[in-house]
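Protein chains: 2
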Amino acid sequence: MTETPETITAAVLAIGDEILSGRTRDTNTGYIATFLTNLGIDLKEARTVADDEEAIVEAVNALRSRYTYVFTTGGIGPTHDDITADAMARAFGVGIDHDPRAVAMLKERFPDTELTEGRMRMARIPDGADLIANKLSKAPGFRLGNVHVMAGVPSIMQAMMDEIAPTLRTGVVMLSESIRADAKEGDIAVPLRDVQKAFPEVAIGSYPFSDEKGFNTNVVVRSRDEARLAEAAEAVRVMLAELKR
Amino acid sequence: MTETPETITAAVLAIGDEILSGRTRDTNTGYIATFLTNLGIDLKEARTVADDEEAIVEAVNALRSRYTYVFTTGGIGPTHDDITADAMARAFGVGIDHDPRAVAMLKERFPDTELTEGRMRMARIPDGADLIANKLSKAPGFRLGNVHVMAGVPSIMQAMMDEIAPTLRTGVVMLSESIRADAKEGDIAVPLRDVQKAFPEVAIGSYPFSDEKGFNTNVVVRSRDEARLAEAAEAVRVMLAELKR
Chain P
1 MTETPETITA
11 AVLAIGDEIL
21 SGRTRDTNTG
31 YIATFLTNLG
41 IDLKEARTVA
51 DDEEAIVEAV
61 NALRSRYTYV
71 FTTGGIGPTH
81 DDITADAMAR
91 AFGVGIDHDP
101 RAVAMLKERF
111 PDTELTEGRM
121 RMARIPDGAD
131 LIANKLSKAP
141 GFRLGNVHVM
151 AGVPSIMQAM
161 MDEIAPTLRT
171 GVVMLSESIR
181 ADAKEGDIAV
191 PLRDVQKAFP
201 EVAIGSYPFS
211 DEKGFNTNVV
221 VRSRDEARLA
231 EAAEAVRVML
241 AELKR
Chain F
1 MTETPETITA
11 AVLAIGDEIL
21 SGRTRDTNTG
31 YIATFLTNLG
41 IDLKEARTVA
51 DDEEAIVEAV
61 NALRSRYTYV
71 FTTGGIGPTH
81 DDITADAMAR
91 AFGVGIDHDP
101 RAVAMLKERF
111 PDTELTEGRM
121 RMARIPDGAD
131 LIANKLSKAP
141 GFRLGNVHVM
151 AGVPSIMQAM
161 MDEIAPTLRT
171 GVVMLSESIR
181 ADAKEGDIAV
191 PLRDVQKAFP
201 EVAIGSYPFS
211 DEKGFNTNVV
221 VRSRDEARLA
231 EAAEAVRVML
241 AELKR
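If you're matching them up, the sequences are chains P and F in order. At position 229 of the first sequence (counting the first as 1) the number is 229 in full-length UniProt numbering, and the numbers step up by one without a gap. At position 70 of the second sequence (counting the first as 1) the number is 70 in full-length UniProt numbering, and the numbers step up by one without a gap.
Read the hints as simulated data drawn from the structure, not as lab findings. It cannot be assumed that every hint is accurate.
The list makes no distinction among identical chains, and a pair is therefore deemed to hold if it is satisfied within one copy or across any two copies.
Using 30 Å as the maximum straight-line C-alpha spacing, the simulated BS3-like pairs for lysine-lysine come out as follows [as the list claims (entries may be wrong)]: (1) K138 / K213; (2) K107 / K197; (3) K197 / K135; (4) K107 / K244; (5) K244 / K213; (6) K138 / K244; (7) K138 / K107; (8) K135 / K107.
With these hints in hand, go ahead and build the complete structure from the sequences.
In structure tokens:
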């Protein structure tokens, strides 16, 4: 028996009416999913809620108690519909006020005449939070407990993830191999299930797709153990070759 | 006082490890968001969970009790990792078995020799469910209570939404107008908040973006009342024009 390595889990919470109305396509969650996979952190759940304090509070409290890390996107700008910071303070039961460190960051970008009441809203940070630097437009995100609060603009969110990454505990990276079956999913289902039974500790997924030649399937084999991954992938390839004989 | 029209709400539940690993980008949720907005149905929440029965059961039970409709995508194919139908049966506390109507649909497509044990899995339907026709590849989705269970392949999901649409109660369509501010969000935040205060029943959202000219903002005004929408949008335009003088 080898020791089971620690599993590090995460959830993403996207905040914004514009995603739920369909006006804006959420590309942030997919970006974060790939980013975390590359760090060996398992993204277990993603949620999107509206710009609604009650909904944000309830979602973040559900997720932060369940997963190692939570990453939120959206709702930390200067306008009246940016309510994420206040919602986080309420979720954690802490106060919120203009943070001198955040004000100093904004002053790097804006002369006093441009530091409007709206922009000063972006310096409202819940008590006890660490700031997350924003190299693009200065207004910071923040970390409160295990929750990382980031901007919704993709370029800014991505820069913030780069700031956060070195602070995260990381796991053993999940390795994967994708095998194009050149067969319909229904034709490989039973033999694939048997391969899965033979390799219970390897995750074998089956993903149908269609192209100009019709329905086809990608089989994805995933494991943190390189040798077991290779064995299971080979078993899938042998199974597929036998089907075609 | 005009009568408040009925609000019809919805949630989307995307099911699949491949979305959470970042391997597959979820385009279904955005498609459904736009589809529902066009029907006057308010999408209030979206979740993504893994191919994990416990996680699916918990999510669907949380969502179905809260919203008028739930739409799920993914996990109804023929392979061992397709567990959505069984999870739905468990969530509703009903049995599940091969459904003669679903078997008949599969037989339209597959000769008996190709109706493998795997493909027959796609005819497993929870007791009491109505089927959702699949014009593309026959294997049906189903409706159980207020939950609509659809395929994850986008083309099939979209065909299923077309089947479902006529069965849904629809609301008054939310109208919207998008106004490009040609200003930074921080410069319009305070006057925009004042416009929002003047039109409390109209939703005014502010969405920063950046292009080659730098940071900019789209203001989106949303209402189900055409006249109020026009008044609020005009107030935003007047405010923006005054800022530029």
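So which of those numbered hints doesn't the model satisfy? 3
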